[in-house]
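K.L.:
Chain by chain, the residues:
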Amino acid sequence: KNEVEQSPQNLTAQEGEFITINCSYSVGISALHWLQQHPGGGIVSLFMLSSGKKKHGRLIATINIQEKHSSLHITASHPRDSAVYICAVGPGGGADGLTFGKGTHLIIQP
Amino acid sequence: GAGVSQSPRYKVAKRGQDVALRCDPISGHVSLFWYQQALGQGPEFLTYFQNEAQLDKSGLPSDRFFAERPEGSVSTLKIQRTQQEDSAVYLCASSLVGLRYEQYFGPGTRLTVT
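Here the protein sequences come in this chain order: A and B.
To convert, note that position 12 of the first sequence is 12 in our numbering; the numbers rise steadily by one, no gaps.
To convert, note that position 103 of the second sequence is 1103 in our numbering; the numbers rise steadily by one, no gaps.
These aren't lab readings, by the way, just hints derived from the structure by calculation.
Remember, it's a predicted structure, so these values are computed and weren't measured experimentally.
Quick reminder that beta carbons are idealized off the backbone N, C-alpha and C, glycines included.
Keep in mind that a hint or two might mislead.
Restricting the straight-line Cα-Cα distance to at most 30 Å, the calculated cross-link-like pairs of lysine-lysine (DSBU-like) are [said to hold, decoys possible]:
1. Lys102(A) <-> Lys1014(B)
2. Lys1078(B) <-> Lys1014(B)
3. Lys1057(B) <-> Lys1014(B)
4. Lys53(A) <-> Lys1011(B)
5. Lys102(A) <-> Lys1078(B)
6. Lys1057(B) <-> Lys1(A)
7. Lys102(A) <-> Lys55(A)
8. Lys68(A) <-> Lys1011(B)
Stretches of chain A that chain B covers, calculated by requiring three or more beta carbons in the stretch to come under 8 Å of a beta carbon on chain B [stated by the list, open to error]:
9. 11-25
10. 29-36
11. 40-54
Turn these sequences into a full structure, and let the hints guide you.
P.N.:
Following this line, the structure appears as structure tokens:
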């Protein structure tokens, strides 16, 4: 089974700060997903990547397949970025579904 | 366009009751996934359908859990004789085909077993 570790588990920052969330996994995969979940809300897919780097607005995701590591960056953070950010990988480690990290709870204070 | 919908959004069941949770995927999406998310945890995989075929049910926690997608569209997750440890949010996601395409998640069904 693939093990997915995220760090930090909790992060509080001031508006405008540059944010980095890290994800590492144990078994080779075909793709890695970064997801956003607001309290009481559904999950929104931010990125799906298998190599290199993707950018969407203030969000940047990178992946290093050899090191089995990915990072999600948020530039010029804003209070509306406050949410849980979840890293998920798949397939790999047996099951056909995604294997998820426990999430990083991000709070951006004004 | 319509996204993934799930019903009911909230369900309270007494221990021992059977429940049925429904998922309507995005039209045309071949693959459908069910996940279970316990409070404060990341989701965990339950089962996966490609059209009407259940290709992987390795994540179902016990034989009390059963999922079906008889016509390759709507799916139902059924939990028999619910237990308190079944309390969680049950998420459904769909994708064009398999894991090589982005997954779109429904809002989830929050099940509370009392």
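K.L.:
Is lysine 1057(B) within 30 Å of lysine 1(A), Cα to Cα?
P.N.:
holds (15 Å)
K.L.:
Check whether the Cα positions of lysine 53(A) and lysine 1011(B) lie no farther apart than 30 Å.
P.N.:
violated (41 Å)
K.L.:
Count residues of the stretch 29-36 of chain A with a Cβ under 8 Å from any Cβ of chain B, then say if the count reaches three.
P.N.:
holds (count 4)
K.L.:
Take the C-alpha atoms of lysine 1078(B) and lysine 1014(B), compute the straight-line distance between them, and say whether it is at most 30 Å.
P.N.:
Distance of about 15 Å is within 30 Å: holds.
K.L.:
For the stretch 11-25 of chain A, count the residues whose Cβ lies under 8 Å from any Cβ of chain B; is that count three or more?
P.N.:
Coverage by chain B is violated for the stretch 11-25 of chain A (0 residues, Cβ < 8 Å).
K.L.:
Verify the proposed pairing of lysine 1057(B) with lysine 1014(B), using a straight-line Cα cut of 30 Å.
P.N.:
Measuring from Cα to Cα gives roughly 26 Å; hence the hint holds.
K.L.:
Given the hint that lysine 68(A) pairs with lysine 1011(B), does the C-alpha gap stay at or below 30 Å?
P.N.:
violated (39 Å)
K.L.:
Next pair to validate is lysine 102(A) with lysine 1078(B); report whether the Cα-Cα distance is within 30 Å.
P.N.:
At roughly 25 Å apart (the allowed maximum being 30 Å), lysine 1078(B) and lysine 102(A) satisfy the hint.
K.L.:
Holds or violated: lysine 102(A) and lysine 55(A), Cα atoms, limit 30 Å.
P.N.:
Holds, at about 23 Å.
K.L.:
Has the given pair, lysine 102(A) with lysine 1014(B), been kept, meaning a C-alpha gap of at most 30 Å?
P.N.:
Cα-Cα ~28 Å, so holds.
K.L.:
Please verify the coverage claim for the stretch 40-54 of chain A: does it have three or more residues whose C-beta sits within 8 Å of some C-beta in chain B?
P.N.:
It holds: at least three residues are needed, and the stretch 40-54 of chain A offers 6 whose Cβ sits within less than 8 Å of chain B.
Comparing the model with each numbered hint stated earlier shows that hints 4, 8, 9 do not hold.
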